[in-house]
Amino acid sequence: MFSRRDILAIGAGGVAFATLGASPLYASAADDLIAELTGGADLGDGVIDLIAPEIAENGNAVPIDVTAEGAKSITLFGEGNPEPVMATYNFGPLSPTRGASTRVRLAQTQDVIALAQMNDGSWQVARATVKVTIGGCGG
Amino acid sequence: MASGAKPRVRVPKTASVGDTITIKTLIKHKMESGQRRDDDGNIVPRSIINRFVADFNGQNIIDVTLEPSISTNPYFAFDAIVPEAGEFAFTWYDDDGSVYEAKKSIKIA
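Same order as they appear, the protein sequences are chains A and B. Numbered per this note's numbering, the first sequence finishes at 139, counting up by one with no gaps. Numbered per this note's numbering, the second sequence finishes at 109, counting up by one with no gaps.
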C-alpha cells in the first residue's frame, strides 16, 4: 500500500501529500488534481465528446476518443489508476477538431474523466464509466 | 528501449487546400509503466515515451504528454488542416532520451 501511495505522490506532486493522510481513494486524487489544474474554477459540461467503451474486456488497451470544439488542451484522467493522469493533449493552430483517439490502460472498473481548457480560459468536464474485466496494470 | 521503437504513420498522399485530413500514428514501444513487478518482486523501472508532437511546415497540430497509463505501442489518431503542400513531422520522446522521428509529405491535388 505504501509504495502505491508513494508512486501516487510522485505523479501528483504536492497535492498528493495533502491527500495522503486524508483519503486513500484514488477518486479523490483525480478530483484534487482537477481542482489544482483549474484553480477551483467552475466546470461546465456539454462541449466535450468523450467516447469510451462501456465494457472493456482487456484493460491493457481501452480505446478512448475525445474531442472538444474550441479547446486549447484536454487532459484525460483514470480515476482508478495508480497515476490518475493518463495523457494531456495540447492543440496547435492546425488542429480543426481539437481531439484525438488513443488507447489507455485501466487498472479496474472506473470513471474516465476528460477535462478541457477552452480557448476563452473556461473549463469543461466529461465522464464515462468503463467496466474492466481484466485490469491493465500488470503485476 | 532505444532500439526497436519503430514509428508508423498514415497520412493521405494528396489533399485540397484547406482540407481536413485524418492522421494515424503508432510507435512500437513497450511503455513499461513502472507499476509492474518482476518474478522476484522488484518493481520494473518505468520506461515510456513521454511526449509526442505532430507539426506541419513548422506549425503545430498536437502536442501530447504521455503518462504510464498509455498502452503499449502508443497509438494516436487525430485530424489536421492542410493549408498548403508540405511536410508533416512527427516526433516521439523517450524517457531514456531517445528521439524518434517520422516525416510524411503531402501534395495539393
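Hints may be right or wrong, so weigh each one.
Think about it this way: if two alpha-carbon atoms lie no more than 30 Å apart in a straight line, the pair counts; the simulated DSSO-like pairs of lysine-lysine are [claimed, not checked]:
hint	chain 1	residue 1	chain 2	residue 2
1	A	LYS72	B	LYS104
2	A	LYS72	B	LYS28
3	A	LYS131	B	LYS13
4	B	LYS107	B	LYS13
5	B	LYS24	B	LYS104
6	B	LYS13	B	LYS104
7	B	LYS28	B	LYS104
8	B	LYS24	B	LYS13
9	B	LYS30	B	LYS107
10	B	LYS103	B	LYS30
11	B	LYS24	A	LYS72
12	B	LYS6	B	LYS28
13	A	LYS131	B	LYS28
14	B	LYS107	B	LYS24
15	B	LYS28	B	LYS103
16	B	LYS107	A	LYS131
17	B	LYS24	A	LYS131
18	B	LYS24	B	LYS103
19	B	LYS103	B	LYS6
20	B	LYS6	B	LYS104
21	B	LYS6	B	LYS24
22	B	LYS13	B	LYS28
23	A	LYS131	B	LYS30
24	B	LYS30	B	LYS104
25	A	LYS72	B	LYS107
26	B	LYS13	B	LYS103
27	B	LYS107	B	LYS6
Covered, in the sense of this in silico footprint (three residues per stretch, anywhere, with C-beta under 8 Å from a C-beta of chain B), are these stretches of chain A [unchecked claim]:
hint	region
28	82 to 96
29	101 to 115
These are calculated hints, taken from the structure and not from any lab test. Only a predicted model underlies this, so the values are computations on that prediction, with no experimental measurement involved. Quick reminder that beta carbons are idealized off the backbone N, C-alpha and C, glycines included.
For a C-alpha distance cap of 30 Å, please report whether LYS24/B and LYS13/B respect it.
Given pair LYS24/B, LYS13/B holds - Cα atoms ~13 Å apart, limit 30 Å.
Would you mind confirming whether the straight-line C-alpha gap from LYS131/A to LYS30/B stays at or under 30 Å?
holds, 24 Å
With a cut-off of 30 Å on the C-alpha distance, tell me whether LYS131/A and LYS28/B pass.
holds, 27 Å
Between LYS6/B and LYS24/B, does the CA-CA distance stay at or below 30 Å?
Holds, at roughly 14 Å.
For a C-alpha distance cap of 30 Å, please report whether LYS103/B and LYS6/B respect it.
Given pair LYS103/B, LYS6/B holds - Cα atoms ~13 Å apart, limit 30 Å.
Hint check: LYS103/B vs LYS30/B, CA-CA at most 30 Å. Holds or violated?
holds, 22 Å
Next pair to validate is LYS107/B with LYS6/B; report whether the Cα-Cα distance is within 30 Å.
holds, 25 Å
Run the distance test for LYS28/B versus LYS104/B: straight-line Cα separation, threshold 30 Å.
holds, 18 Å
According to a criterion of three or more residues whose C-beta lies within less than 8 Å of a C-beta of chain B, is the region 82 to 96 of chain A covered?
With 14 residues closer than 8 Å to chain B, the region 82 to 96 of chain A meets the three-residue bar; holds.
Does LYS72/A pair with LYS104/B here, judged by a C-alpha cut-off of 30 Å?
Cα-Cα ~25 Å, so holds.
Mind checking the alpha carbons of LYS30/B and LYS104/B for me, to see if they're no more than 30 Å apart?
This hinted pair holds, its Cα atoms lying about 24 Å apart.
Straight-line Cα separation of LYS13/B and LYS28/B no greater than 30 Å?
Holds - the C-alpha atoms of LYS28/B and LYS13/B are around 23 Å apart, at most 30 Å.
Hints 3, 9 and 16 from the earlier list are contradicted by this structure; the remaining hints agree with it.
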